[in-house]
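Going down the list, the protein sequences come from chains H and A. Sequential numbering from 1 applies to the first sequence in the numbering used here. Sequential numbering from 387 applies to the second sequence in the numbering used here.
None of these hints come from the bench; they were simulated from the model.
Taking beta-carbon pairs under 8 angstroms as the criterion, some of the chain H residues facing chain A (in silico):
| id | residue |
| --- | --- |
| 1 | Gly142 |
| 2 | Ala155 |
| 3 | His156 |
| 4 | Ala163 |
| 5 | Lys254 |
Heads up, simulated PhoX-like pairs for lysine-lysine below, C-alpha to C-alpha not over 20 angstroms straight-line:
| id | chain 1 | residue 1 | chain 2 | residue 2 |
| --- | --- | --- | --- | --- |
| 6 | H | Lys120 | A | Lys430 |
| 7 | A | Lys481 | A | Lys468 |
| 8 | A | Lys430 | H | Lys125 |
Note that the structure is a prediction, hence the values are computed from the model and not measured. Note that beta-carbon positions come from the ideal geometry of N, C-alpha and C, so glycine has one too.
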Amino acid sequence: MVSRVEILNIGVASPAGNTLEAVLSAMDHPPPPAPLRFPGRDPVEAEGFGCDLSQTRELLDPAKIRRWGRLQTMSLLAAKKAGLPEILNGSRAQTGVYVGTGMGSLGETAIFLENMILQKENFPKPAHFVNSVHNAVASTLGLEFGLKGENITVAHREISFDAALGHALSALRQGRVKYAVVCGADEMNYFQVLAGSAQNLWKTKETSFQPLADGNSRGTFPGEGSAVCILTADENGGDQSLGSVLGVKCGRYKRDTHTYINLSHAGDFLEELLSSTGVQASEVDLMLLGANGDGRLDAVYRAVGAELERRSGRKIPQAAFKQLCGDYRAASGFGFAVAALCLGSGRVPAGLFGGAATIPDGSVKTILLYHLSRSGVHSACLLRSL
Amino acid sequence: MKREVVVTGVGIVSAAGVSSVETWSSLKEGKSGLTPFSLLSSKKYAGVPTGQVSADLAAMSGLERSCRPDQMAVIAARQAVKESFPEADPLVLEKAGVILGACVGGMAQSELFLQRLLLEGVEDTDLLRFHECASAAEAVAENLGLFGPCETISTACSSGSNAIFLAADRIASGEIDMMLAGGIDSFSRLTLNGFGSLLLIDAEGCRPFDEQRKGISLGEGAAVLVLESGETARRRKAPILARLSGWANTCDAYHATAPAPDGDGITRAIRSALGQSGMAPADIDYINAHGTATIENDRAEASAISMVFGGGMPPVSSTKRFFGHTFAAAGAIEAVVCVLALKNSAIPPNAGLNQLDSRCPVRVQRNFESSDISNVMSLSLGFGGNNNCLILTRGEE
Chain H
1 MVSRVEILNI GVASPAGNTL EAVLSAMDHP PPPAPLRFPG RDPVEAEGFG
51 CDLSQTRELL DPAKIRRWGR LQTMSLLAAK KAGLPEILNG SRAQTGVYVG
101 TGMGSLGETA IFLENMILQK ENFPKPAHFV NSVHNAVAST LGLEFGLKGE
151 NITVAHREIS FDAALGHALS ALRQGRVKYA VVCGADEMNY FQVLAGSAQN
201 LWKTKETSFQ PLADGNSRGT FPGEGSAVCI LTADENGGDQ SLGSVLGVKC
251 GRYKRDTHTY INLSHAGDFL EELLSSTGVQ ASEVDLMLLG ANGDGRLDAV
301 YRAVGAELER RSGRKIPQAA FKQLCGDYRA ASGFGFAVAA LCLGSGRVPA
351 GLFGGAATIP DGSVKTILLY HLSRSGVHSA CLLRSL
Chain A
387 MKREVVVTGV GIVSAAGVSS VETWSSLKEG KSGLTPFSLL SSKKYAGVPT
437 GQVSADLAAM SGLERSCRPD QMAVIAARQA VKESFPEADP LVLEKAGVIL
487 GACVGGMAQS ELFLQRLLLE GVEDTDLLRF HECASAAEAV AENLGLFGPC
537 ETISTACSSG SNAIFLAADR IASGEIDMML AGGIDSFSRL TLNGFGSLLL
587 IDAEGCRPFD EQRKGISLGE GAAVLVLESG ETARRRKAPI LARLSGWANT
637 CDAYHATAPA PDGDGITRAI RSALGQSGMA PADIDYINAH GTATIENDRA
687 EASAISMVFG GGMPPVSSTK RFFGHTFAAA GAIEAVVCVL ALKNSAIPPN
737 AGLNQLDSRC PVRVQRNFES SDISNVMSLS LGFGGNNNCL ILTRGEE
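Looking at chain H on its own, in the form it has when it is part of the complex (with noise of 0.2 angstroms):
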């Protein structure tokens, strides 16, 4: 049994660029949020974070991309972006798909919906059914890249893309599959941006968005993006390695009356996941937070890094990620990635700390990432330079 898995590649459809080389740089000037338009009969206006997908038409089949849904475009794309199949080296039958999607193919969704009620249940359109179910960027992945191994998807809040992940490890470690897809994707859609301004979720009148930096400001930007990474175990990496995965850990939280989450608890479940991986907290170099902007939340993602850093007896500096794709349920794929492109490029750009916190000393090698959702559950995942 291995321990070890390294991150082969990553591959990015997001806001902040398609390349790995722009979200690097977005990283040191994080773009702010852009107008965004969803047409309708009842257009809907708000400012977050889409994605550019124009340049799918250069690497994916234009009549393929008729057919899909905006997720399945998007999370192909970033699949190419990753390397697929090249870098799988006639691997594929051995290969495992796993997705972590919260809300799924809404506007596939949408349409077959909106359809239905407006046509009374007359003249359907099957080919968005098809796209609507969450497990369809999954089986799209292993159809077009012919992956005939393991496919799974998790469609669990803000910890799918880390509970996928986990699944993949396993995996992995017990031999299941040589390499893993992982694959973590949610849309923007005309309803859900719609239902979350009826919700007051999205900020109005700020341009600027940094996480963890303003306690007072209320709300977050909608966002977008698929991330995807190929991982292997140690023994099939090689030099060209971002970084390794150590261990990846969900679970539910206890909450909180003052605090939200209870702290100790949270404390505990993340010294567990350092402690299984052999790890102690004081060899934590960098915390990267799913905070959002909402200064309620990101209180309790400082209070949680807080709690490690008690326990770890050193200074642990708190970094966020959602300024640069906005806030959605699979963002924590697009932080895996984030803290991969720091491990892989030996440096933490000062746009991650919104420039309130200290930037670290020196290089970082371990990074731990950690998210919650507002229903009670929260995800870890640590990763290591090589």
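Fit chain A to the known structure of chain H by using the hints.
For chain A alone, coordinates are given in the frame of chain H:
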């Protein structure tokens, strides 16, 4: 070294019964749970045979303000835990986790949101509270006080069996001692119209493996199994209803909806699960097939079974006619059927079969029959060429 995984409790909510006793009784009597559809307003599908749960789910669950999937999941989970802990309070559950398969979550309410928005201009966002599939697993965890992993698997119609596979994997690897695993789904107009748009609904009710079959009957339900390591189960003297001996998942990589006609992906899943269990095909005494009654599914599945088992094929039955096709719940419901078959030493029948399709080379079990079975196999298939195989072995008296 992998740890042994055992089943110490099961719970089921279905059109054929809202407990394992009721469900087994329906299977024994050959009583189908299909009734004319009336649950949701649908001009097109009213009256079509479906597996609707008629029990008062709100009252049974005590979750009056919740949605049907969450209610069914909590009822099934409570049944399973009650069987697993017949005497003591299940305090050990705090460390346990839950993985459920779910396809559409509270979609029926999301549809109402959309309908009111589109036709009346009303934004009643409260209706979206249960939109996400994750809702049912969280309801179970909250209700039973579980703080281990809490996840939702959504691989279409194989979701429930994949949830069982992934929970078993966690226990076998030593990551956790106990998981509640299963599947859940309820009706929505999305699924009715979706499968209808693909011309996959049989207006006469599903007839798996029959020459005249025309498609599926939709259904709803939930099933939950308490899975735990054999060591901890024996230590606390829990009832060991069955052992989970093998599991596997594969992808056809063939088509978005149709299975590979030669059953290649299913064949690989069966062989992989057999390999993991250390069994030969001859060791399997009964196969509970996915058997949706679509032309393509039954032929592909039969090809795979025939390929692996050949002339020594054990009896095969699809129990979809009893429950309807319950999507994400299907694999979990059928895993519970397998546990009950082992426990009661009997093979449930393939209801709805008149004339076997000559292109489905399987040995179909037509009648309920007592049989001294030791190892059974449950197959599940889903959109996207998703295949799952579970092998269950007789438990301990």
